[in-house]
Amino acid sequence: MSKLPPDAGATTEEPLVKAYLTELRAALAGAEPAEREEVLLMVQEHIDSALAEHGEHRSPGDVRAVLAALGQPHQLVSTLDEPLRQIRPVEAHSAWPRWVGFATLVVGVLAVLTILFNPIAAAVLAVLALTVGLVGARLHVGRDRRLYRIAASLGAAALVLLVVAAVMLLSSGTDGPVPDSPMPVSNAPAP
Amino acid sequence: MITGRDIDLAQMRKGILEFCVLARLRDTPAYGLELASTLGQDRYLFSSEGTLYPLLARLRKQGWVSTTWRESSGGPPRRYYELTADGATALDSFTTTWTDFRRAVDAVLEGSA
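Line by line, the protein sequences give chains A and B.
Numbering-wise, the first sequence is residues 1 to 191 according to this note's numbering.
Numbering-wise, the second sequence is residues 1 to 113 according to this note's numbering.
Rather than coming from a laboratory, the hints here were simulated on the basis of the structure.
Take these hints with a grain of salt, some might be off.
[Said to hold, decoys possible] Derived EDC-like pairs: lysine to aspartate or glutamate, alpha-carbon spacing no greater than 16 Å straight-line:
(1) K61/B to E53/A
(2) K61/B to E37/A
(3) K18/A to D62/A
(4) K18/A to E37/A
(5) K61/B to D86/B
(6) K61/B to E35/A
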């Protein structure tokens with residue numbers, strides 16, 4: 001905190017102000033000492049500034065109005081009970097160890113790569129990457145979630161490619177040479 | 001005497017008021033009395049002007065607000081409160097959450113959810 005200037009607190013000699021600050025100090029008894037002193041200083045400055053606006057001719061009524069606007073000391077303290085919540089970046093704890101995410105990603109990549117060499121292994125890897133990826137994405141946030149999402153997408157892509165390849169193979173199978181319709185074979189002598 | 005409305009407001013204010021303070025400081029630093037009188041005008045937000053100071057002490061401790069002294073014309077020097085980079089980040093984060101939260105609450109209240 002910046003240093004207090006020498007002439008601050010000029011109004012603390014006002015009996016009403018003095019009484020108010022004493023009451024506030026008592027109300028802040030449960031607060032951390034540094035926090036208590038800081039709040040007291042801030043409130044004192046508020047009173048100083050507010051009364052300075054009235055100049056030299058301020059009346060006890062002016063002082064009372066300033067203190068009334070500030071509120072009862074116990075009202076001020078009621079907000080201190082709540083700790084200021086920490087806002088953390090959305091990088092919460094991981095449900096699974098980090099390596100699981102990377103492993104799932106590798107499985108997804110392998111699924112795509114093995115399509116041409118071993119479609120059955122590719123299908124197994126693709127289902128694995130898709131399942132673990134989807135579950136992992138639900139359980140994680142931030143960078144980890146992205147990892148699982150990519151793995152799931154790779155698994156899904158590999159599965160789609162496998163289905164397309166299977167359909168193409170099947171349809172090309174039906175386009176193959178169709179056996180000729182049987183020729184009637186007859187030994188019967190032509191009429 | 002505490003009325004039902006007071007209880008509801010006290011509950012609702014928790015966790016929101018400090019971001020109202022940060023939002024008020026977003027564009028320009030301000031001194032305590034200035035902050036207190038603008039924020040204190042709306043009794044829905046601040047039950048009294050003094051509520052501001054425990055919040056400011058917390059915000060400063062958290063590093064979301066910093067303070068500097070400036071001379072004032074015809075009065076004691078004033079402590080100005082200023083939003084820090086961390087404070088700006090926290091305010092952005094709150095603003096996003098608040099927008100979604102408000103939309104969700106409105107949807108339920110209006111019976112469309």
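For each hint, the structure was consulted:
1. For the suggested pair K61/B and E53/A, the alpha carbons sit about 29 Å apart, so the restraint of at most 16 Å is broken.
2. Between K61/B and E37/A the alpha-carbon distance is near 13 Å, which keeps this suggested pair within the 16 Å criterion.
3. Of the supplied pair hints, the one linking K18/A and D62/A holds, its CA atoms being roughly 15 Å apart against a limit of 16 Å.
4. Restraint check for K18/A and E37/A: the C-alpha separation of about 15 Å stays at or below 16 Å, so the hint holds.
5. Simply put, K61/B and D86/B have alpha-carbon atoms about 12 Å apart, close enough for the 16 Å limit, and the pair holds.
6. At most 16 Å may separate the alpha-carbon atoms for a hinted pair to count; K61/B and E35/A meet this at roughly 8 Å.
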